[in-house]
Amino acid sequence: MQAEPVLVAGLIEVCRATIADNTDHLCALDRAIGDGDHGTNMRRGCEAVSAEGESLSSLPFPDAVEKIGLTLVMNVGGAAGPLYGTLLMEIGRELRKSEEKADFSQVLKQAIDAVARRGRAHAGDKTLLDVLYPVHAALAKRSPLGDIARKAERSADRTAAMKAMRGRAAYLGDRSIGHVDPGASSCALLTTAICRYLGEHCQQ
Amino acid sequence: MNGKTTNVGIVIVSHSPLVARGIADMVRQMVGDCVPLAWSGGNVHGELGTDAGGILKAIEAAWSDAGVAVFVDLGGAETNSEMAIEMLGLPRAALVSICNAPLVEGAVIAAAEASGGASLAKVVATAEELSP
Numbered sequence: 001m002q003a004e005p006v007l008v009a010g011l012i013e014v015c016r017a018t019i020a021d022n023t024d025h026l027c028a029l030d031r032a033i034g035d036g037d038h039g040t041n042m043r044r045g046c047e048a049v050s051a052e053g054e055s056l057s058s059l060p061f062p063d064a065v066e067k068i069g070l071t072l073v074m075n076v077g078g079a080a081g082p083l084y085g086t087l088l089m090e091i092g093r094e095l096r097k098s099e100e101k102a103d104f105s106q107v108l109k110q111a112i113d114a115v116a117r118r119g120r121a122h123a124g125d126k127t128l129l130d131v132l133y134p135v136h137a138a139l140a141k142r143s144p145l146g147d148i149a150r151k152a153e154r155s156a157d158r159t160a161a162m163k164a165m166r167g168r169a170a171y172l173g174d175r176s177i178g179h180v181d182p183g184a185s186s187c188a189l190l191t192t193a194i195c196r197y198l199g200e201h202c203q204q
Numbered sequence: 205m206n207g208k209t210t211n212v213g214i215v216i217v218s219h220s221p222l223v224a225r226g227i228a229d230m231v232r233q234m235v236g237d238c239v240p241l242a243w244s245g246g247n248v249h250g251e252l253g254t255d256a257g258g259i260l261k262a263i264e265a266a267w268s269d270a271g272v273a274v275f276v277d278l279g280g281a282e283t284n285s286e287m288a289i290e291m292l293g294l295p296r297a298a299l300v301s302i303c304n305a306p307l308v309e310g311a312v313i314a315a316a317e318a319s320g321g322a323s324l325a326k327v328v329a330t331a332e333e334l335s336p
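Chains A and B, in that order, give the protein sequences. In terms of my numbering, the first sequence opens at residue 1 and continues consecutively. In terms of my numbering, the second sequence opens at residue 205 and continues consecutively.
Keep in mind that the hints were calculated from the coordinates and are not lab data. Predicted, not measured: the structure shown is a model, and the values here were computed from it. Accuracy of the hints is not assured; some may be wrong.
Here are a few chain A residues that sit away from chain B, every Cβ distance over 12 Å (derived from the structure) [stated by the list, open to error]:
id : residue
1  : D37
2  : T40
3  : E99
4  : A102
5  : Q106
6  : P144
7  : K163
8  : G199
9  : C202
Pair by pair, the computed Cβ-Cβ distance ranges are [what the hints assert, rightly or not]:
id : chain 1 : residue 1 : chain 2 : residue 2 : range
10 : B       : R225      : A       : R31       : 44 to 52 Å
11 : A       : H201      : B       : T210      : 54 to 62 Å
12 : B       : G250      : A       : E52       : 18 to 26 Å
13 : B       : G236      : A       : E4        : 51 to 59 Å
14 : A       : A32       : B       : K261      : 50 to 58 Å
15 : A       : H25       : B       : S220      : 20 to 28 Å
16 : A       : D157      : B       : D269      : 34 to 42 Å
17 : B       : G320      : A       : A51       : 45 to 53 Å
Calculated Cβ distances over 12 Å to all of chain A for the following chain B residues [said to hold, decoys possible]:
id : residue
18 : V223
19 : R232
20 : M234
21 : C238
22 : T283
23 : E290
24 : S319
25 : L334
Glycine included, each C-beta is placed from N, C-alpha and C at the ideal position.
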């Protein structure tokens, strides 16, 4: 395992690059069933995090994760800000509480539950939760990183068959069926980027 | 913030700065300066969207010890307003309510109610009566 500052800086950069490469794709998904700004919103958030990269990487890991969440809340500018922000802020707080003996799967579960409360959404509502829950399940089973990433991607694809129950897409009712949810898609892209980075740079 | 009024404050949150400002103008025309009033519209760059930091500032600007009623348009406006209220922290967060009411009519009726010195609970209930 490399030193934490390098890890934090590396993760920030791969997430920024992934969102930058997929901004147009995420906006296109969002134009189909929402207001079309998910890609640019996420890019703005990731760029804000990246701009603070140096100070973030000097913090203890839980503090850095919590601060990244707050930066996303303050900069994303759509519902994705509070949702991704809550996820990271809760992960940071839970990690700080559990200190050395952190079971990351437990920490992630607490954080995902907080996201569900924030969005008042459930599994199957066609949201990023439909990626987060399967990712957690794979992590809890100690699946290899590559399998977790593939599960995230397949889970995002599966949101196409779902009818949106939350967010702007819910206004479309049945017409939301047939389109992949943009939030689920960005969540799978970020999960894949993080898994690939950890696979290349960390001992499992 | 300045304690000049004991009336409940009103905050308007919209994805559009034009909508938020326009409704604030309508409220002001109705109740003048006797109700603390602020708005937040658009994302951090002033484009369509919402901004938790901006909403937090608006709540502080419209602060009244009697409480603040927040009116929102769509999804992200509500989620970001909840986030802003959390960031406000206790005890003040407990004195802020997001109203489940139409934005224009809700804000104007709530302000009229607030201008008569009604409690936060009464202001919110009056606005929410408009919801189907």
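We went through each hint and held it up to the structure:
no. : hint                          : verdict
1   : D37                           : violated, 7 Å
2   : T40                           : violated, 9 Å
3   : E99                           : holds, 24 Å
4   : A102                          : holds, 24 Å
5   : Q106                          : holds, 23 Å
6   : P144                          : holds, 34 Å
7   : K163                          : holds, 16 Å
8   : G199                          : holds, 33 Å
9   : C202                          : holds, 32 Å
10  : B:R225 <-> A:R31: 44 to 52 Å  : violated, 27 Å
11  : A:H201 <-> B:T210: 54 to 62 Å : holds, 58 Å
12  : B:G250 <-> A:E52: 18 to 26 Å  : holds, 22 Å
13  : B:G236 <-> A:E4: 51 to 59 Å   : holds, 56 Å
14  : A:A32 <-> B:K261: 50 to 58 Å  : violated, 34 Å
15  : A:H25 <-> B:S220: 20 to 28 Å  : holds, 26 Å
16  : A:D157 <-> B:D269: 34 to 42 Å : violated, 52 Å
17  : B:G320 <-> A:A51: 45 to 53 Å  : holds, 47 Å
18  : V223                          : holds, 14 Å
19  : R232                          : holds, 26 Å
20  : M234                          : holds, 30 Å
21  : C238                          : holds, 32 Å
22  : T283                          : violated, 4 Å
23  : E290                          : violated, 9 Å
24  : S319                          : holds, 32 Å
25  : L334                          : holds, 20 Å
In terms of the numbered hints stated before, the structure departs from hints 1, 2, 10, 14, 16, 22, 23, listed from lowest to highest.
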